[in-house]
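Residues per chain, in single letters:
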Amino acid sequence: MESKPHCIIVMGMAGSGKTTFVRKLYSVLKVMQKNVYSINLDPAIRKLGFPANLDICDTINYKKLMQEYSLGPNGAIVTALNLFATKFFEVIDLLNSKQGIEFIIIDTPGQIETFSWSASGSIITEALSSSFPTSMIYVVDSVRTVNPNSFMSNMLYASSLYYKNQLPIIVVFNKTDLQPAETCMNWMIDFESYMESLDGISSHSYLANLNRSLALVLDEFYQDLPCLGVSSLTGFGFENLLPNMQKSKQEYLTIYLPELEKKKKLIEESRVKQEIQKMKKDNEDLSEIRKFMSELRTSEKNNENST
Amino acid sequence: MAQFSRYAQIVMGPAGSGKSTYCLIMQQHAGLLGKTIKIINLDPAAEIICYKPDLDIRKLVTLDDVMEETELGPNGGLVMALEYLLEHTDWLKETLDEFADDDYIIIDCPGQIELYTHMTIIKDFCKTMHELSYNICGIYTIDCTFISDASKFISASLMALSAMNQMEIPHVNVLTKCDLIKNKKELEDMLDTEPRDLLFDLPVYTTKFKNMSEKIANVLSDFNLVNYIPLDISDEETISAVMYQVDICIQYGETLEVYPKDNEDIEDDMEVDR
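Here the protein sequences line up with chains A and B, keeping their order.
Residue numbering for the first sequence is 0 to 306, as defined by numbering that gives the first Met the number 0.
Residue numbering for the second sequence is 0 to 273, as defined by numbering that gives the first Met the number 0.
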């Protein structure tokens with residue numbers, strides 16, 4: 000596993016700058032002469048901006064899908080992903096067959112829940128994470144999250160992804176050319192300063208209590224959480240990204256992989272158990288039949304003797 | 000504070016979780032009980048809707064219109080369409096006034112979570128409804144086929160919270176598509192367990208997971224946020240259960256005008272007359 004390529008799934012809310020981020024990451028890695036394989040999973044994208052080795056748009060025509068099946072924009076994305084997911088194991092085989100790849104970067108659809116809460120998104124994520132060391136990069140729009148409520152909602156969503164996929168996560172505050180990430184990153188370290196900013200906004204006391212409790216939950220999430228500010232436009236901050244990515248690959252290998260192996264073992268054990276049960280039953284049936292046959296023969300012999 | 004006399008549910012949730020189906024089922028069920036439910040469609044990008052909306056944002060503005068005029072993509076267009084609605088509350092008010100006073104309203108929202116997390120649009124919409132004397136309850140729909148174990152359950156709660164925590168309205172989580180799962184008992188057991196006990200079963204990946212799980216369980220229990228109600232559209236009982244829970248949340252019926260007197264009151268009145 001350790002020698003396998005590091006798979007990075009880039010997720011984030013619509014408008015957070017995922018594709019621009021992937022574009023920059025791709026070029027940064029290329030400049031460092033790394034062997035990168037890029038995959039685009041966003042069927043609705045207009046201009047990709049980076050060369051994609053595998054592009055969902057090549058196999059699926061998004062506009063045609065919407066027209067033919069009278070789907071809205073979200074419905075079409077989900078359907079496109081569904082179609083793609085049915086063939087995804089071929090993609091895994093393809094990736095396994097390529098030699099020397101160091102990074103696999105995956106750009107996900109703009110609408111985050113079409114990937115994070117859909118069956119096809121789950122299939123794709125699980126297929127990747129069981130074959131390659133996989134990490135998630137969650138891209139945050141720094142401009143929007145200056146509002147403490149938006150910040151909390153965003154972080155809640157990130158922690159929800161962390162829980163669901165159980166993979167190492169790196170939080171990237173994008174667009175630092177427009178809004179420095181310091182305020183947000185400070186909130187993650189200094190609980191009190193976050194509460195002060197929040198109190199300035201909450202009008203309801205029940206809500207203030209709830210938000211305080213949620214902030215405590217998130218405090219736990221922030222411990223040892225790799226996060227950094229970048230600008231996908233200028234390239235600022237990308238030098239910090241590489242070491243973080245390396246660390247998260249190690250995290251995968253030391254923590255998630257053993258759990259995965261355990262799960263695989265359990266599944267294999269239960270499958271073997273089932274086979275043994277089946278064999279036992281077959282044997283029982285067989286011995287019943289043998290008994291019956293021998294009784295039949297005995298009674299036949301008796302009949303012959305008597306005549 | 001405005002005196003609330005009208006009731007509404009605002010239905011939110013990830014794309015494909017069954018929001019529109021929920022609206023239709025509720026309307027049909029209420030119809031059987033003689034109650035009128037009017038449905039408002041707030042999704043300007045919707046193509047075909049399974050119910051007939053009594054108020055449709057697409058009559059005011061559609062996503063295609065916005066995208067053509069402004070060259071925005073689907074996300075930008077969606078936000079602009081909703082902002083346009085908020086700038087034209089008169090249109091909204093006029094149509095709402097045409098509904099009878101005791102009509103119950105269900106509002107079908109677009110799926111994008113960004114609308115709830117990054118923007119205050121839906122929150123502002125709720126404020127506008129409040130000003131029009133509506134008592135609103137938020138419904139967050141989650142596809143139950145995804146809640147296969149405790150960690151996905153927590154993940155769903157966190158996601159619902161990320162949408163609802165800014166809303167300042169009471170909210171109910173509805174697990175949709177329960178007619179699709181075979182082992183209902185397992186789901187029931189999970190829903191009946193205290194969050195703290197559920198988390199006991201979670202594999203302890205890291206101390207971080209363990210600590211987070213404990214804190215989340217406490218919040219969910221303390222704030223009573225684990226009101227997941229399963230909805231199986233083939234089972235009338237579950238539909239009634241959802242209605243009942245929502246009605247409690249918005250105190251439906253408490254401002255009805257008839258107050259039955261009990262015997263003691265009547266006797267007191269009679270005494271005074273003498």
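These aren't lab readings, by the way, just hints derived from the structure by calculation.
Since the structure is predicted, the reported quantities are computational estimates derived from the model, not experimental observations.
Heads up, some of the hints might be wrong.
[Unchecked claim] Below 27 angstroms or equal to it, Euclidean Cα-Cα: the simulated DSS-like pairs (lysine-lysine) are:
| # | chain 1 | residue 1 | chain 2 | residue 2 |
| --- | --- | --- | --- | --- |
| 1 | B | K184 | A | K263 |
| 2 | B | K151 | B | K209 |
| 3 | A | K264 | B | K126 |
| 4 | A | K3 | A | K63 |
| 5 | A | K261 | A | K246 |
| 6 | A | K246 | B | K184 |
| 7 | B | K151 | A | K86 |
| 8 | A | K262 | B | K184 |
Original post:
In ascending order, which of the hints set out earlier in this document are inconsistent with the structure?
Top reply: 3, 4 and 6
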